[in-house]
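Oh and the sequence shown: position 85 is 74 in my numbering, straight run, nothing missing.
Keep in mind the hints are simulated off the structure, nothing from the lab. Note that the Cβ used here is the ideal one computed from N, Cα and C, for glycine as well. Treat the hints with caution; some may be incorrect.
[To be verified] No farther apart than 25 Å at their CA atoms in a straight line, the calculated lysine-lysine pairs in the PhoX-like style are these:
1. K59 with K93
2. K76 with K93
3. K131 with K93
4. K61 with K117
5. K13 with K50
6. K93 with K8
7. K59 with K131
8. K13 with K55
9. K117 with K76
10. K93 with K55
11. K50 with K131
12. K8 with K55
13. K59 with K132
[Unchecked claim] Cβ pair distances, simulated, as ranges:
14. E87 with R57: 29 to 35 Å
15. L21 with E51: 19 to 25 Å
16. S84 with E22: 32 to 38 Å
17. F24 with S4: 15 to 21 Å
18. I78 with M26: 24 to 30 Å
19. T(-3) with K50: 33 to 39 Å
20. S4 with E119: 34 to 40 Å
21. G3 with F102: 36 to 42 Å
22. K61 with P120: 16 to 22 Å
23. S91 with K131: 18 to 24 Å
24. A30 with R57: 19 to 25 Å
25. P120 with I40: 40 to 46 Å
26. S91 with V64: 39 to 45 Å
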Amino acid sequence: MFFRIKGTLGLDIGSSYIKAVQLKDVRGGYELELFDMIPLAPEIIVDGSIIDSFRLVDTLKELLRKSRIKVKDTVIGIAGHSSVIIKRISLPEMSEEELSESIKFEAEQYVPFSIEDVNLDFQILGPKEEPGQMDVILVAVKK
């Protein structure tokens, strides 16, 4: 069975590297448990803008896989402009297919741009402790 360690993952997505730190909760603060980084191909982020989001996600997945990160909570920093919005939202529990169909409607509540001017993606984080609810990371990147 898979288990999660209580702690926090910090990600810094820069133009050249993705850096990850795993922090463990200790009395009065945090303790660094892990640091790792992986280079980004130069064409993935250009002039502070994400050009190839699919390769960015693949690179991030590779970093998480090789680092064996086992925490639930994540804090992300992205270099660039305010054209990237990342929001953790709580929604009624639904399938990924249902969420795919309704994500534009949900995003309109959180994105200060026209939905037609952004690329949207999401990741279901899992069920919440509250029955019938789930946490989702919503990502909107201005085109």
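Outcome of the hint check:
1. K59 with K93: Violated, at about 30 Å.
2. K76 with K93: Status holds; Cα separation ~14 Å.
3. K131 with K93: 14 Å, holds
4. K61 with K117: Cα-Cα ~12 Å, so holds.
5. K13 with K50: 21 Å, holds
6. K93 with K8: 30 Å, violated
7. K59 with K131: 31 Å, violated
8. K13 with K55: 19 Å, holds
9. K117 with K76: 16 Å, holds
10. K93 with K55: 33 Å, violated
11. K50 with K131: It holds: about 23 Å lies between the C-alpha atoms, which stays within 25 Å.
12. K8 with K55: 13 Å, holds
13. K59 with K132: 33 Å, violated
14. E87 with R57: 29 to 35 Å: With Cβ atoms ~32 Å apart, the hint holds.
15. L21 with E51: 19 to 25 Å: Check passed, 22 Å falls within 19 to 25 Å.
16. S84 with E22: 32 to 38 Å: 34 Å, holds
17. F24 with S4: 15 to 21 Å: At 19 Å between Cβs, range holds.
18. I78 with M26: 24 to 30 Å: Taking Cβ atoms as reference, I78 and M26 lie about 28 Å apart, which means the hint holds.
19. T(-3) with K50: 33 to 39 Å: Violated, at about 19 Å.
20. S4 with E119: 34 to 40 Å: Because 38 Å falls inside the window, the suggested range holds.
21. G3 with F102: 36 to 42 Å: Because 23 Å falls outside the window, the suggested range is violated.
22. K61 with P120: 16 to 22 Å: This hint holds: roughly 19 Å between Cβ atoms.
23. S91 with K131: 18 to 24 Å: 21 Å, holds
24. A30 with R57: 19 to 25 Å: 23 Å Cβ-Cβ, so the 19 to 25 Å window holds.
25. P120 with I40: 40 to 46 Å: 41 Å, holds
26. S91 with V64: 39 to 45 Å: 27 Å, violated
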